[in-house]
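Student: Okay, here's what each chain looks like letter by letter:
Protein chains: 4
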Amino acid sequence: MSSTYGERFRLTIFGQSHAPAIGVTMEGLPAGVPVDLDRLQQFLDRRAPGQSRITTSRKEPDAPEFVSGLVEGRTCGAPVTAIIRNTNTRSGDYANLRDCPRPGHADYPAQVKYGGYQDVAGGGHFSGRLTAPLCIAGGIALQLLEKLGITVAAHIQSIGPVDDGRFDLAGVDAAQLQALLRKPFPVLRDEAGDEMKAAILAAKSDLDSLGGVIECAAVGVPAGWGDPMFGGMENRIAQMVFGIPAIRGIEFGLGFPAARLTGSRHNDAYYMDGDTVKTRTNHHGGILGGITTGMPVVFRAAVKPTASIARRQESVSLSEQRDAPLEIHGRHDPCIVPRAVPVVEAAMAIALLDAYFCAGTNTTPDAPWL
Amino acid sequence: MSSTYGERFRLTIFGQSHAPAIGVTMEGLPAGVPVDLDRLQQFLDRRAPGQSRITTSRKEPDAPEFVSGLVEGRTCGAPVTAIIRNTNTRSGDYANLRDCPRPGHADYPAQVKYGGYQDVAGGGHFSGRLTAPLCIAGGIALQLLEKLGITVAAHIQSIGPVDDGRFDLAGVDAAQLQALLRKPFPVLRDEAGDEMKAAILAAKSDLDSLGGVIECAAVGVPAGWGDPMFGGMENRIAQMVFGIPAIRGIEFGLGFPAARLTGSRHNDAYYMDGDTVKTRTNHHGGILGGITTGMPVVFRAAVKPTASIARRQESVSLSEQRDAPLEIHGRHDPCIVPRAVPVVEAAMAIALLDAYFCAGTNTTPDAPWL
Amino acid sequence: MSSTYGERFRLTIFGQSHAPAIGVTMEGLPAGVPVDLDRLQQFLDRRAPGQSRITTSRKEPDAPEFVSGLVEGRTCGAPVTAIIRNTNTRSGDYANLRDCPRPGHADYPAQVKYGGYQDVAGGGHFSGRLTAPLCIAGGIALQLLEKLGITVAAHIQSIGPVDDGRFDLAGVDAAQLQALLRKPFPVLRDEAGDEMKAAILAAKSDLDSLGGVIECAAVGVPAGWGDPMFGGMENRIAQMVFGIPAIRGIEFGLGFPAARLTGSRHNDAYYMDGDTVKTRTNHHGGILGGITTGMPVVFRAAVKPTASIARRQESVSLSEQRDAPLEIHGRHDPCIVPRAVPVVEAAMAIALLDAYFCAGTNTTPDAPWL
Amino acid sequence: MSSTYGERFRLTIFGQSHAPAIGVTMEGLPAGVPVDLDRLQQFLDRRAPGQSRITTSRKEPDAPEFVSGLVEGRTCGAPVTAIIRNTNTRSGDYANLRDCPRPGHADYPAQVKYGGYQDVAGGGHFSGRLTAPLCIAGGIALQLLEKLGITVAAHIQSIGPVDDGRFDLAGVDAAQLQALLRKPFPVLRDEAGDEMKAAILAAKSDLDSLGGVIECAAVGVPAGWGDPMFGGMENRIAQMVFGIPAIRGIEFGLGFPAARLTGSRHNDAYYMDGDTVKTRTNHHGGILGGITTGMPVVFRAAVKPTASIARRQESVSLSEQRDAPLEIHGRHDPCIVPRAVPVVEAAMAIALLDAYFCAGTNTTPDAPWL
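Taken in sequence, the protein lines are chains C, D, F and Y. Going by the UniProt record's numbering, 79 is the number at position 79 of the first sequence; the sequence numbering is gapless. Going by the UniProt record's numbering, 363 is the number at position 363 of the second sequence; the sequence numbering is gapless. Going by the UniProt record's numbering, 193 is the number at position 193 of the third sequence; the sequence numbering is gapless. Going by the UniProt record's numbering, 318 is the number at position 318 of the fourth sequence; the sequence numbering is gapless.
If we strip away everything but chain C, and leave its shape as in the complex, we get (with noise of 0.2 Å):
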């Protein structure tokens, strides 16, 4: 189905973006978790919009309620459901829109698709305010997987022009994370990240928009996890990361430069630190034949600029079928990728924690059948 995710750690995503409440139903997850309601809530603050002057006007609190799952702030087994209340919604501003759809929006296939009768408000159920559910979920998916010892954290790595670098991929670890994790504005040199709040800006004032490149490392990731063909550890990855509005391409470990090296100078050696196997290099993103090998598993993905621009665009009528111009009004950001970097975030950590459910059958030393 088209908003659910996941194995055992499963996830429907509802909700539109003027509706009166955008939110998410879990399974899977253990009875027994500690849920610290307020990291959750400062992990979704890095989402949220209106902090700055690169983020949208439109200011909502984005404090779930979680209105089935938890007792006593642990989870009692029992499917985990929050919402988050839209109180900050201006439907007027979207009237035109099942008529005239927004270039590089979902507005003309949902028209096409649903036959008219989508909800048109705010992009509905395609609007950007739909990662605050998937948030809610990466938001837990993260706190487990920190009890686990694996730690996950995205830089910009570029907006428009302004490049940050990439990480090492072989050498990152939990402390250059977690540095990441405490900035306001996570890149690896913050002089990048000036240029890139200034390229913002600009493209604002320019009544434009920009995109980027977020990159997303997990380190303490054990060997083991994933499965080979369609549940591999890219399969699911990606699987959740095109589910985040904007993403148009993901890249693991080295990526597609990757296709223009010798296999002799991607191929990663192998070799022993103490007791554990790593890789001298880590072109392989820490992910072999869909399995993790223990190095960091790093991706990258793509965002594109913002769609919605202030502009006079080309479009067309589609009840008169004709060619007309297009203005948009409404409040958005010059660019998500700021606001998309704990939503990637979010999705890494959704797609390991199923993955480390998943592999809870496999062949295990006690196994009563070995």
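Calculated from the structure, these hints are not laboratory results. Remember, it's a predicted structure, so these values are computed and weren't measured experimentally. Among the clues, some could well be false.
Reference excerpt, derived from the structure (chain Y facing chain F, CB under 7 Å, subset only) [stated by the list, open to error]:
no.: 1; residue: A179
no.: 2; residue: I291
no.: 3; residue: A307
no.: 4; residue: I309
no.: 5; residue: A310
no.: 6; residue: D323
no.: 7; residue: P325
All C-beta atoms in this analysis are idealised placements derived from N, C-alpha and C, irrespective of residue type, glycine included.
Mind docking chains D, F and Y on chain C? Use the hints.
Tutor: Structure of chains D, F and Y alone, referenced to chain C:
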């Protein structure tokens, strides 16, 4: 589950490189679908090894036997299972791999995951040979899509440093794709193809290997296929494509370069072409909000260089927990990109057909409740 | 997953008896489906407690709030989530149950499964109260099925020793079912209903409880729904019906008595009724090989007597590992059968609607490949 | 999908009665599981036809070939596919069935569903022959369950009017079940078995057929398997058991008779047996709230009389839309109940094993978050 894909056209791929057989079990094909076995065989032959100096010398006919689901050349509504016998196996080549994992292969993580019980011969279930049953399913899917007016074809965009250029995203059409399908070495510019072949042979004589990028397009896909969030066409295609060994990245439409454009340049303007809604450019690659727009669906997949190279490499002895050099023998492709082209087409076709079947419950003009 | 049902009409039921809310998240409803909320409320009211002396005194309005998926009274194609606030909770009644499990309830196995972290208040996620969101989904399904010409209704076949008789399997029709739906106490013979009510009140005054059998029929279901093997209509209905607490058995058509007949007496002879194929008897209950035949679909479900009784019972102290008597306080139905009637109808409707959506990919006269 | 079952131990059954082969593809078996092929063959032989005068004269060895997933007698973590060649086919016997459907068979609804493209020979995918691959999966599941200390066996509770009595629900133990497994005609009282055989032969000579009831028990199942609502053990077992052709009903524990008891008599009192929680009676059949309690899991399944009888029956000509008599030729069991006994055991075993694998993500004492 790991080796299963799809919601309404569901397939499970089974087999190991040196097991008695490999094959596929498919569910969800409607009854009455004619399967042209001759054309299917021609499609499988495009993937088969042993065709020229640039592929492995392992020769196997890859002739599927349909043991269930077909009656007099048509599907009967029951699951369709086809098997390919493994005849040309040389399992002695692989005895050492349980202890000394090959760089770039799944040997090590599989050893951890399966506790040493995995089938190591020829890569077992991780072998590229498993793309043969994928092509059985894909070849059937292509036959159905053809009847829906859809053409799917891919070309080799690059091998190592040699670049063939990209499709004209908005202009690619069925005629261009059909011309590609007739080429034994599918490139847009044949001179690029000659350079690629030379590069492959040079790598081979250098005991090395090359990777590349494959670009795949589908034209004729109507608007309205795919679902929001995790059921989007990108999610579906990516989950399938990463099931092909050696894929390291995927991008849709303009892909990663989209991250460097401004919104005003990236957004695809709508216009009416007669009574059809089209976009002047196709940076979105035929998909918005996860749903097809009617424009060509285009993606690119990065293939890493073949991990099996004849050079001495650094590895470890897992039993002795020490570094140990490794030399790989056996027969391997110096570059799998040419043989991966039909596999990528198969992947696109399977994802499209499943999405088509899934689109069946959406609103239609004659739904009794409208 | 435990609380999720369905392939194409998929619902997840969440909530616990004394959580902030209970509810349901539904996927797969086509866009544009009108939902008549007044009729839905009437349907829910049939299940609601507190209506008479034969039900529990816990009174709650069971008024659903649709927080997503509906726009101006119609589905919009996005997941539909409805919640019912729990207002009348008295969790103090249940404090002892973590240590001293109630006979006939899930307390003990839940304690083992969830390690003591389950929500014990009011039975938590195991409470019969969770049938309210099931009825939300079922009530919507019934509205769609009605537009497809299908009528679903159930009657109380027996309560304790009082028997109402069975449907005429081949003769039951829409008029008879609609008459049942108008009855506050749905029985075929009203005098049997009076006896049943008297038996319930007698059990109540005896601090005891009663069970019964519910027989449910659907007429107007066309031939061809359902799938062979594990996707058969019996499999689908049974998987749903056993999701209702207290169900101990299900049988289709003639059911268990079929095991005592000879084939010549059990087989249902075919005949033509105009241009419609019918069977003279309907021992098969409208399903052969898992697929509907066009005859009425009929099943019976056995409901055990309410496990909560006010009498002193034998139990154990789990913490002290010794036998311990138990007295249950709280408000309980002496017989849940009357309130379970709409729940069983909801179950039938959900299973049918899902099968209808699944049937969409089968061969049709205008399939392009035929 | 129709012929797929299971969440974590997932199997797809393929093949038709007269296709080249029938078989099963299984996913989710951990790596390293030894499969004793001799014992598996012995289990399959219990189901095989042609053993005596009371079964069909179609003789086939039912010898599975494992084409994938096994290496040196153990699972390797990849999907396991086994096929059984159909050798003794006589498809000419069934030519007429596309037009003139057999009463009690799936011919007519399959004709509607598949538009005439279904495989009619021998019942195609609906044939009882498809229970052979079910027994392959079930036989392997039984071998794993045995290592977990679980014994599964069924007896023929009744055939036609002859009754063998029921298990002592609370008292049935492994020794009693193992004794049953050694009997060629598994009944509690051998004199009942003799009467049953006589009844079958009488029905056969009368050109008629008989049905019956099979009662199945599993002992040694620990408390805590299964999930609430739709993932309960009853739901799981019922969804599997209705995949066996001819099953018309299923009941757990006391079953339908529970509907006639009062709560005070039906509730099973808890007591401590050493440090084990047990119930004095076992009306609940080892399952409460969908979760196992540690008491024997017991269900009963009703098998209708064989639909294929040699007598002239009433049917219709679908092409001519008129009533038409029908005489069925071919080889059929006058009563399938004896051969269905191992199939029912296989069904129980598959459902249990899948539930066991699903239970893996629940809370455990050493979970890092507790």
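Student: Compare the structure with each hint and give your call.
Tutor: Verification of the supplied hints:
Contact between A179 of chain Y and chain F, as hinted, is not supported at the beta carbon level, the nearest pair being about 24 Å apart and thus beyond 7 Å. About 4 Å separates the beta-carbon of I291 of chain Y from the nearest beta-carbon of chain F, less than 7 Å, and the hint is met. With a least beta-carbon distance of about 6 Å to chain F, the hint placing A307 of chain Y at the interface is held under the 7 Å criterion. Given the 7 Å rule on beta carbons, the hint for I309 of chain Y holds: about 4 Å separates it from the nearest Cβ of chain F.
Among the interface hints, the one on A310 of chain Y is violated; its C-beta lies about 10 Å from the nearest C-beta in chain F, farther than the 7 Å criterion. The interface hint given for D323 of chain Y is met, as the beta carbon of that residue sits about 5 Å from the closest beta carbon of chain F, less than 7 Å. The beta carbon of P325 of chain Y is not positioned within 7 Å of any beta carbon in chain F (closest approach about 10 Å), and the interface hint is therefore violated.
Hint check: violations occur at hints 1, 5, 7; the rest are consistent with the structure.
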